[in-house]
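Novice: Below, each chain spelled out in residue letters.
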Amino acid sequence: MQKIETSPANFMADMEQFYDVSIWHFITINCLDTGEGFEVQYFFAKYDSFDEVVCYFFYSPYEASIPSIAPLIPSAYLGEGEMVDMFGIQIDGIEKGMFLDADSLQTPLRRGS
Amino acid sequence: MRKSISIPLGSQHIALLEPVRFRFETQNETITNVEADVGYVHRGVERACTSHFEFKQVPTVVARVCGLCAITHSLSYTLAVEQIISVEISSRAQYLRTLMVELDRLHSHLLCLAHTAENAGFEALFMQIMGERELIMGLQEQITGNRVQFDFVTIGGVNRDIDSQIAKTILDGLETFEPRLEEIRELFENNWSLSLKYKGVGAISKENAAKLNALGPLARAAGLRTDVRAEQSVLPYSEIGFEMVVAQGGDIYARNHVRLLEMHQSIKMVRNILEALPEGEILSKVRGKPEGEALIRLEAPRGELFYYVKGNKSTTLERMRIKTPTFSGIPAMVEIFKGQEYGDVPAILASFDPCMSCTAK
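Protein chains in written order, with my numbering: chain V, -14 to 98; chain U, 32 to 392.
In isolation and in its complexed conformation, chain V is listed as follows (with noise of 0.2 Å):
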């Protein structure tokens, strides 16, 4: 896996000129709770191609809000739900509730819940 790292104000333009459909199939997204904050992770896999997968992340504080990838990968939204719900981020245009009930227990798999 080659992992490259990015930040949240650049990730959308380096998404843009990297994502093409034709070429990489958008595996799904991932949030790791580092403690200071969140590592958020976007898997991509080439087709056609050999143990050839990308990871881009970047770091970003608990309160702060990060860009939807889903205007570039509409199928994103689902993965970005359930990051939402479990770990209590916030993805711009994304709604909490998509996988939790507002009487199950909040971000789950955020440290200290």
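Treat the hints as calculated values from the structure; they're not laboratory data.
Yeah, the Cβ is synthetic: ideal placement off N, Cα and C, and Gly gets one too.
It cannot be assumed that every hint is accurate.
[Unchecked claim] Calculated lysine-lysine pairs in the PhoX-like style (CA-CA distance at most 25 Å, straight line):
hint: 1; chain 1: V; residue 1: 31; chain 2: U; residue 2: 228
hint: 2; chain 1: V; residue 1: -12; chain 2: U; residue 2: 230
hint: 3; chain 1: V; residue 1: 81; chain 2: V; residue 2: 31
hint: 4; chain 1: U; residue 1: 369; chain 2: U; residue 2: 34
hint: 5; chain 1: U; residue 1: 320; chain 2: U; residue 2: 87
hint: 6; chain 1: U; residue 1: 344; chain 2: U; residue 2: 316
hint: 7; chain 1: U; residue 1: 242; chain 2: U; residue 2: 230
hint: 8; chain 1: V; residue 1: -12; chain 2: U; residue 2: 242
hint: 9; chain 1: V; residue 1: 31; chain 2: U; residue 2: 237
hint: 10; chain 1: U; residue 1: 87; chain 2: U; residue 2: 199
hint: 11; chain 1: V; residue 1: -12; chain 2: U; residue 2: 320
hint: 12; chain 1: U; residue 1: 242; chain 2: U; residue 2: 369
hint: 13; chain 1: U; residue 1: 316; chain 2: U; residue 2: 87
hint: 14; chain 1: U; residue 1: 228; chain 2: U; residue 2: 369
hint: 15; chain 1: U; residue 1: 230; chain 2: U; residue 2: 369
[Claimed, not checked] Have a look at the derived ranges for each label pair, beta carbon to beta carbon:
hint: 16; chain 1: V; residue 1: 82; chain 2: U; residue 2: 217; range: 42 to 52 Å
hint: 17; chain 1: V; residue 1: 90; chain 2: U; residue 2: 196; range: 48 to 58 Å
hint: 18; chain 1: V; residue 1: 77; chain 2: U; residue 2: 200; range: 52 to 62 Å
hint: 19; chain 1: U; residue 1: 274; chain 2: V; residue 2: 31; range: 30 to 40 Å
hint: 20; chain 1: U; residue 1: 152; chain 2: V; residue 2: 80; range: 52 to 62 Å
hint: 21; chain 1: U; residue 1: 197; chain 2: V; residue 2: -6; range: 30 to 40 Å
Given the coordinates of chain V, assemble chain U onto it according to the supplied hints.
Specialist: Below, chain U alone, put in the same frame as chain V:
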């Protein structure tokens, strides 16, 4: 003036025995918009595996994510962890793991075809296909001791070996099954009510399949060449004669056609595995604790299954992420419904072969 109606389907519905709800907006009988709600029974598996269970116990837990592709779940997790604890896996163990993945694909595809037959009103065929599926599950029981939710794969290898008697039972079983599969294929390819009337129904183009990241038979039926078995080197697919099945049309007929051809492929690969099964140990000693991060992609019956693990040298993982094929397929499913007749919804749904148990992990 056309009449607009909003029709809910699920979360409990006779055509969809799993907890997901679709809301269809229709004009007369034509679907104009769809909303999917998948958040009914979130089970907290990721949290459990990073808080309550030690990393060596996790294969048993994730095998319960899904009753249909239990092997693929426990194997994906195991392969990911094995990358960050440096354990050498014997070729025999990898071959046996692959054997089980392909048998899993056989019984899972049979279940999908059975549901398609049931939806088309072919109840006797439904029973017949479920009977054939029982044969495959019996073979899996011979190997693992269980019909479903096998605890066969473990970190370092597999828990049970097979002897020549079991190998013969598998080969005999496939010998019995193959001509019956041919009969089923004949029906699915030539019967009007069962398949030909579904040509052009529930279709997705290759471009839309790529744009919406469709996976598995759903994508390959639309002509998109994507199959993790051809894109990874962890399991010995290049040694056992794997060939990707791709079709055109992207409709219900094409999806079932892909599954039927893939079942012939799986039979061929199982035979090749048994013929070339290497000698050796089935379980390697595991030392140390996972440190670092790793990911794995495997081709489950419904498409790409993704596991990410991160360990910090403790007995409990820091993070585990599961992305299941049905989860990824939902945007494509929603797109496919638009413009279709509401009466075709059960058949289209069955052709997706959705697994909400996987999705609500």
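Novice: Each hint should be assessed against the structure and marked as holding or not.
Specialist: Here is how each hint holds up against the structure:
1. V:31 <-> U:228: Roughly 35 Å separates the two Cα atoms, so the pair is violated.
2. V:-12 <-> U:230: Cα-Cα ~43 Å, so violated.
3. V:81 <-> V:31: violated, 31 Å
4. U:369 <-> U:34: Measuring from Cα to Cα gives roughly 16 Å; hence the hint holds.
5. U:320 <-> U:87: Given that 25 Å is the threshold and the Cα spacing comes to 9 Å, the pair holds.
6. U:344 <-> U:316: OK: residue 344 of chain U and residue 316 of chain U at ~17 Å, within 25 Å.
7. U:242 <-> U:230: With Cα atoms ~22 Å apart, residue 242 of chain U and residue 230 of chain U stay inside 25 Å; holds.
8. V:-12 <-> U:242: Roughly 23 Å between the alpha carbons, so the hint for residue -12 of chain V and residue 242 of chain U holds.
9. V:31 <-> U:237: At roughly 16 Å apart (the allowed maximum being 25 Å), residue 237 of chain U and residue 31 of chain V satisfy the hint.
10. U:87 <-> U:199: Measuring from Cα to Cα gives roughly 32 Å; hence the hint is violated.
11. V:-12 <-> U:320: holds, 23 Å
12. U:242 <-> U:369: Holds - the C-alpha atoms of residue 369 of chain U and residue 242 of chain U are around 16 Å apart, at most 25 Å.
13. U:316 <-> U:87: holds, 12 Å
14. U:228 <-> U:369: Between residue 228 of chain U and residue 369 of chain U the Cα gap is close to 19 Å, so the pair holds against 25 Å.
15. U:230 <-> U:369: Distance of about 17 Å is within 25 Å: holds.
16. V:82 <-> U:217: 42 to 52 Å: Given about 48 Å between the Cβ atoms, the range holds.
17. V:90 <-> U:196: 48 to 58 Å: holds, 49 Å
18. V:77 <-> U:200: 52 to 62 Å: Once the Cβ atoms are compared, 57 Å apart, the range 52 to 62 Å for residue 200 of chain U and residue 77 of chain V holds.
19. U:274 <-> V:31: 30 to 40 Å: violated, 20 Å
20. U:152 <-> V:80: 52 to 62 Å: violated, 41 Å
21. U:197 <-> V:-6: 30 to 40 Å: The hint (30 to 40 Å, Cβ to Cβ) is violated, given that residue 197 of chain U and residue -6 of chain V are roughly 59 Å apart.
Comparing the model with each numbered hint stated earlier shows that hints 1, 2, 3, 10, 19, 20 and 21 do not hold.
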